[in-house]
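Q: Each chain, written out:
4 protein chains.
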Amino acid sequence: MLTRRTFLTTSALLAGGALLAPLNGRQQPASAGAVDPKLIEDLVAAYRVLAQHEVLDGFGHVSVRHDRSASRFILSRSLAPELVTAGDLIEFDLDGNAVDARGRALYSERFIHAEIYRARPDVKAVVHAHAPSLIPFGVTGVPLLPVYHMASFIGDGVPIFDIRKAFGATDMLVSDAAKGRALAQTLGVKTCVLMRGHGIAVVGSTIPIVVGRSIYLDVNAQIQTQAMTLGAGKVTYLDPQEAQKVMEAGENRGYERAWELWKAKASRP
Amino acid sequence: MLTRRTFLTTSALLAGGALLAPLNGRQQPASAGAVDPKLIEDLVAAYRVLAQHEVLDGFGHVSVRHDRSASRFILSRSLAPELVTAGDLIEFDLDGNAVDARGRALYSERFIHAEIYRARPDVKAVVHAHAPSLIPFGVTGVPLLPVYHMASFIGDGVPIFDIRKAFGATDMLVSDAAKGRALAQTLGVKTCVLMRGHGIAVVGSTIPIVVGRSIYLDVNAQIQTQAMTLGAGKVTYLDPQEAQKVMEAGENRGYERAWELWKAKASRP
Amino acid sequence: MLTRRTFLTTSALLAGGALLAPLNGRQQPASAGAVDPKLIEDLVAAYRVLAQHEVLDGFGHVSVRHDRSASRFILSRSLAPELVTAGDLIEFDLDGNAVDARGRALYSERFIHAEIYRARPDVKAVVHAHAPSLIPFGVTGVPLLPVYHMASFIGDGVPIFDIRKAFGATDMLVSDAAKGRALAQTLGVKTCVLMRGHGIAVVGSTIPIVVGRSIYLDVNAQIQTQAMTLGAGKVTYLDPQEAQKVMEAGENRGYERAWELWKAKASRP
Amino acid sequence: MLTRRTFLTTSALLAGGALLAPLNGRQQPASAGAVDPKLIEDLVAAYRVLAQHEVLDGFGHVSVRHDRSASRFILSRSLAPELVTAGDLIEFDLDGNAVDARGRALYSERFIHAEIYRARPDVKAVVHAHAPSLIPFGVTGVPLLPVYHMASFIGDGVPIFDIRKAFGATDMLVSDAAKGRALAQTLGVKTCVLMRGHGIAVVGSTIPIVVGRSIYLDVNAQIQTQAMTLGAGKVTYLDPQEAQKVMEAGENRGYERAWELWKAKASRP
Numbered sequence: 077m078l079t080r081r082t083f084l085t086t087s088a089l090l091a092g093g094a095l096l097a098p099l100n101g102r103q104q105p106a107s108a109g110a111v112d113p114k115l116i117e118d119l120v121a122a123y124r125v126l127a128q129h130e131v132l133d134g135f136g137h138v139s140v141r142h143d144r145s146a147s148r149f150i151l152s153r154s155l156a157p158e159l160v161t162a163g164d165l166i167e168f169d170l171d172g173n174a175v176d177a178r179g180r181a182l183y184s185e186r187f188i189h190a191e192i193y194r195a196r197p198d199v200k201a202v203v204h205a206h207a208p209s210l211i212p213f214g215v216t217g218v219p220l221l222p223v224y225h226m227a228s229f230i231g232d233g234v235p236i237f238d239i240r241k242a243f244g245a246t247d248m249l250v251s252d253a254a255k256g257r258a259l260a261q262t263l264g265v266k267t268c269v270l271m272r273g274h275g276i277a278v279v280g281s282t283i284p285i286v287v288g289r290s291i292y293l294d295v296n297a298q299i300q301t302q303a304m305t306l307g308a309g310k311v312t313y314l315d316p317q318e319a320q321k322v323m324e325a326g327e328n329r330g331y332e333r334a335w336e337l338w339k340a341k342a343s344r345p
Numbered sequence: 077m078l079t080r081r082t083f084l085t086t087s088a089l090l091a092g093g094a095l096l097a098p099l100n101g102r103q104q105p106a107s108a109g110a111v112d113p114k115l116i117e118d119l120v121a122a123y124r125v126l127a128q129h130e131v132l133d134g135f136g137h138v139s140v141r142h143d144r145s146a147s148r149f150i151l152s153r154s155l156a157p158e159l160v161t162a163g164d165l166i167e168f169d170l171d172g173n174a175v176d177a178r179g180r181a182l183y184s185e186r187f188i189h190a191e192i193y194r195a196r197p198d199v200k201a202v203v204h205a206h207a208p209s210l211i212p213f214g215v216t217g218v219p220l221l222p223v224y225h226m227a228s229f230i231g232d233g234v235p236i237f238d239i240r241k242a243f244g245a246t247d248m249l250v251s252d253a254a255k256g257r258a259l260a261q262t263l264g265v266k267t268c269v270l271m272r273g274h275g276i277a278v279v280g281s282t283i284p285i286v287v288g289r290s291i292y293l294d295v296n297a298q299i300q301t302q303a304m305t306l307g308a309g310k311v312t313y314l315d316p317q318e319a320q321k322v323m324e325a326g327e328n329r330g331y332e333r334a335w336e337l338w339k340a341k342a343s344r345p
Numbered sequence: 077m078l079t080r081r082t083f084l085t086t087s088a089l090l091a092g093g094a095l096l097a098p099l100n101g102r103q104q105p106a107s108a109g110a111v112d113p114k115l116i117e118d119l120v121a122a123y124r125v126l127a128q129h130e131v132l133d134g135f136g137h138v139s140v141r142h143d144r145s146a147s148r149f150i151l152s153r154s155l156a157p158e159l160v161t162a163g164d165l166i167e168f169d170l171d172g173n174a175v176d177a178r179g180r181a182l183y184s185e186r187f188i189h190a191e192i193y194r195a196r197p198d199v200k201a202v203v204h205a206h207a208p209s210l211i212p213f214g215v216t217g218v219p220l221l222p223v224y225h226m227a228s229f230i231g232d233g234v235p236i237f238d239i240r241k242a243f244g245a246t247d248m249l250v251s252d253a254a255k256g257r258a259l260a261q262t263l264g265v266k267t268c269v270l271m272r273g274h275g276i277a278v279v280g281s282t283i284p285i286v287v288g289r290s291i292y293l294d295v296n297a298q299i300q301t302q303a304m305t306l307g308a309g310k311v312t313y314l315d316p317q318e319a320q321k322v323m324e325a326g327e328n329r330g331y332e333r334a335w336e337l338w339k340a341k342a343s344r345p
Numbered sequence: 077m078l079t080r081r082t083f084l085t086t087s088a089l090l091a092g093g094a095l096l097a098p099l100n101g102r103q104q105p106a107s108a109g110a111v112d113p114k115l116i117e118d119l120v121a122a123y124r125v126l127a128q129h130e131v132l133d134g135f136g137h138v139s140v141r142h143d144r145s146a147s148r149f150i151l152s153r154s155l156a157p158e159l160v161t162a163g164d165l166i167e168f169d170l171d172g173n174a175v176d177a178r179g180r181a182l183y184s185e186r187f188i189h190a191e192i193y194r195a196r197p198d199v200k201a202v203v204h205a206h207a208p209s210l211i212p213f214g215v216t217g218v219p220l221l222p223v224y225h226m227a228s229f230i231g232d233g234v235p236i237f238d239i240r241k242a243f244g245a246t247d248m249l250v251s252d253a254a255k256g257r258a259l260a261q262t263l264g265v266k267t268c269v270l271m272r273g274h275g276i277a278v279v280g281s282t283i284p285i286v287v288g289r290s291i292y293l294d295v296n297a298q299i300q301t302q303a304m305t306l307g308a309g310k311v312t313y314l315d316p317q318e319a320q321k322v323m324e325a326g327e328n329r330g331y332e333r334a335w336e337l338w339k340a341k342a343s344r345p
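Residue numbers (the working numbering), protein chains in the order written: chain A, 77 to 345; chain B, 77 to 345; chain C, 77 to 345; chain D, 77 to 345.
Simulated from the structure, these hints should not be mistaken for lab results. Note that the structure is predicted; figures quoted are calculated from it, not measured. Even glycine gets a Cβ: it sits at the ideal position worked out from N, Cα and C. There may be inaccurate statements among the hints.
Said to hold, decoys possible - If you only want the chain A side, here are some residues facing chain D, beta carbon under 7 Å, derived:
{"#": "1", "residue": "E158"}
{"#": "2", "residue": "L159"}
{"#": "3", "residue": "T161"}
{"#": "4", "residue": "G163"}
{"#": "5", "residue": "P208"}
{"#": "6", "residue": "T216"}
{"#": "7", "residue": "V218"}
{"#": "8", "residue": "P219"}
{"#": "9", "residue": "L221"}
{"#": "10", "residue": "A245"}
{"#": "11", "residue": "D247"}
Same shape as in the complex, but just chain A (with noise of 0.2 Å):
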């Protein structure tokens, strides 16, 4: 594992450098300027949070809104989850061009969260993902519900994005402008929307937040499948209501008391 020095490594959005980036083409947007540190140190702690809980793999992307601008995001350059360091993050406008690539490769699913932070102001951090007990979902006509107070952001139902219906065939992959549109359409209001055949893409309006959420609805996930065997499918979910009394009474209080736990263990060596 990453040394808690490099785990810290200050980026140059950090240090306000991406500012001086020359503005080169219309590929390459201003900064908004030097990011909040403990974003950056939250971002990047979300990372490898999501991949020790296996939410995500050697694939799977997690990015946050700029706090200082509504249409800029930090996301990393692309590298697998439990690697990236600050150093890796980089500021996107919501065209999913990079302020400064600098050569770098960059995520060809980063319209996934251009075009959320775009159709959803309340939205600060996205999180997408392939987490096997949530593929199931996508493919078989089962509504994923909460099956336990944990999952109840889930109240209101899960959509489901089918590529092929706007798109045809594809690669699957939500690649450009016009997919994230139709994959943010989809998602709606709600806070997250299944991709037949692919993943998830869960969002919150803070780190912890969108970080709980997909760990608790791959729990779900998994406990619903359970009970669905174990009860020939006749299952109780929580009731909508006590699902909005749960979120009302401020959804497992912000995650705050597992975050503190998470993050922890994300900058041990």
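Based on these hints, arrange chains B, C and D on the given structure of chain A.
A: What follows is chains B, C and D alone, placed relative to chain A:
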């Protein structure tokens, strides 16, 4: 992980310092005095053992009744179980009031513990957990039964607490005395109670017993789920008489053999 | 974990010291002399290998027949498997009497080992475990069968011991010679015997073989459960002739390749 | 675990020393010369990556075709995958003869590799494994299909090799050239072939690709099993056209992003 030194950090409870806490109002009851150091050590170990066995994750808690007063119990401040040290433990009365909170956040569900201790003089330790294997048995109508001798402590059955019955649509939490009383009433004289769409509460006469029961309840749930799938629902459970004989013979010998191992692993850096 | 030094601690058995133990009564038989140090080393490793593979947890045990006397075998004192070192090993006769217990607590189920060694001269090592994957096959009437070549040693089937048949309602433990004899009788000439609502006993002609069989029995049970679910019960098992050919070819080559790895990992600090 | 130093131990193959080995008979073919050091490093990493992902356990193996000669390939001596270092690698010809065995035991199933390399000039790397998730698909008649984009490489289907068809009752091992040829024939132009009651053989044009395919074949099998249970058999798989588009777009980009992570973890002490 925490070092062994941190793990053994003495607490105010251990030193008896809590005795000196001023009684500033009705929310701050008097302390029953210093707690047996062995109980403190075992309670801290219990938090970590249950986290290592994934019975607890970032949420859930375990408590022990004060050895000097039946009307006091010890529980951590609001903290993820794996991070709990002796310094985080707080003494409570049976109304869920902290003797000396010193501004620290408290678990909102401490009433689970308080009301069970009030209702059950034989209970000396309580666990509240959201173990994924157990949730399905609270939402499917399939009774949790002892599929092997290690789970003989549920030979008399496991009642299910549905918070909706007495309290309507809630945020699912047992966050006041009335809800705690209702839960304790459903528990009755049993060793544990499932909470629909939420989790479990487990009780015991010692910390090793409540930890052992929590761990083997989880294992038994996993085995039962597999057995019901394999046998298309036809499973031979332990005969009630057999379960009783196991209990009479000393219920897995008080889990002492396993507890020695679990505690050793919990104290490793 | 234990350090390598602790792991190799010499025992009285190894030094032959047990030979000097006074014969104070009929409960203390004479020792057969010092045990082959290689057997001691392998037996200690076996406890840890089986714990690392989760075939054993805080309970269960493994023994080896004494290399100098067919009427003696070596088993740990009552201790969680992962903690066993050479100094914890005790010599027993086939009535389950310890040569030199020195007041140490003994496993109450040592009669599983004693009576199998008595009934089966070909058996040199015995494992008793509660592996979760195996319990369902003892309580559902679904026969455990070899779903792949690594489990060819059950090509002749796995008998099920139901302690209730001969002993009525018990605490489920094989805690005396009569119960041990009944178990050995059900085992017959097979390689293992399921114990209804309890676990398994596995036998072999060497420590690596009994450990390898225990591990692959567990893996085979997991695969078979998945296969039966996937195939709605229709599964093509190894043909008895195929299983026999694997056994004739040397049964996974005595597990030597895997044993080298397992033992190396067991001795890591 | 092995230290990084051990992990990078140079081998005779790397130094080209094998070139000097005397040709003592028809069992000892000439070497094709020193192997590209990058291939050696990647092959050693592959053994450990597949063990860390539990695709291999104490058995199974992975090989690479020699970069200087299409009629030579590199495979470990008979050894558990997790223990393999560069010094254990041996050069073989396509008849399964070792260039310089120096008395070391060989995998009896090296003919899987030899005959696939002979039949498939496009194949540069081969894995043989007994991954538990895959066995059920070889014994139930349920076809293994791509449930998500990461498994697009099986969009053309996975053939099943039943050794019984051409060879009757055997010990299940592909332990000679005739059996290897039959397996290669069943594989045909596909990316992998299930072996009934035994395991899988996977092929690829690079080591990262054959490792990536092995890992995601295992994940896909687990997801498909869950999806079929959840959906009572009704599952929407990747459309063949979609799978083809993923392959044309570069099949998970050659697994490069994941391979960087996997190799980094494999070289950690």
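Q: Under 7 Å, Cβ to Cβ, is where G163/A needs to be relative to chain D, so tell me if that hint holds or is violated.
A: With a closest approach of 15 Å, the G163/A hint is violated.
Q: Answer holds if the nearest beta-carbon of chain D is closer than 7 Å to that of P208/A; otherwise answer violated.
A: 5 Å, holds
Q: Take the shortest C-beta to C-beta distance between L159/A and chain D; is it under 7 Å?
A: Holds, because the Cβ-Cβ distance from L159/A to chain D comes to roughly 6 Å (cut-off 7 Å).
Q: For the restraint on P219/A, tell me whether the closest CB of chain D is nearer than 7 Å.
A: Cβ of P219/A sits 11 Å from chain D, so the hint is violated.
Q: Next item in the hint list is D247/A. Is there a CB on chain D closer than 7 Å to its CB?
A: 4 Å, holds
Q: For the hint on T161/A, just tell me whether its beta-carbon gets within less than 7 Å of chain D.
A: 13 Å, violated
Q: Does the nearest C-beta of chain D fall within a distance shorter than 7 Å of the C-beta of E158/A?
A: Holds: closest Cβ of chain D sits about 6 Å from E158/A, inside 7 Å.
Q: Just to be careful: measuring from the Cβ of V218/A to every Cβ in chain D, is the smallest value less than 7 Å?
A: 5 Å, holds
Q: Given T216/A as an interface hint, is its Cβ closer than 7 Å to any Cβ of chain D?
A: 3 Å, holds
Q: Was the hint right that L221/A lines chain D, CB cutoff 7 Å?
A: Violated: closest Cβ of chain D sits about 12 Å from L221/A, beyond 7 Å.
Q: Is the interface hint satisfied for A245/A? The criterion is a beta-carbon contact with chain D at less than 7 Å.
A: 4 Å, holds
When each numbered hint is compared with the structure, violations occur for hints 3, 4, 8 and 9.
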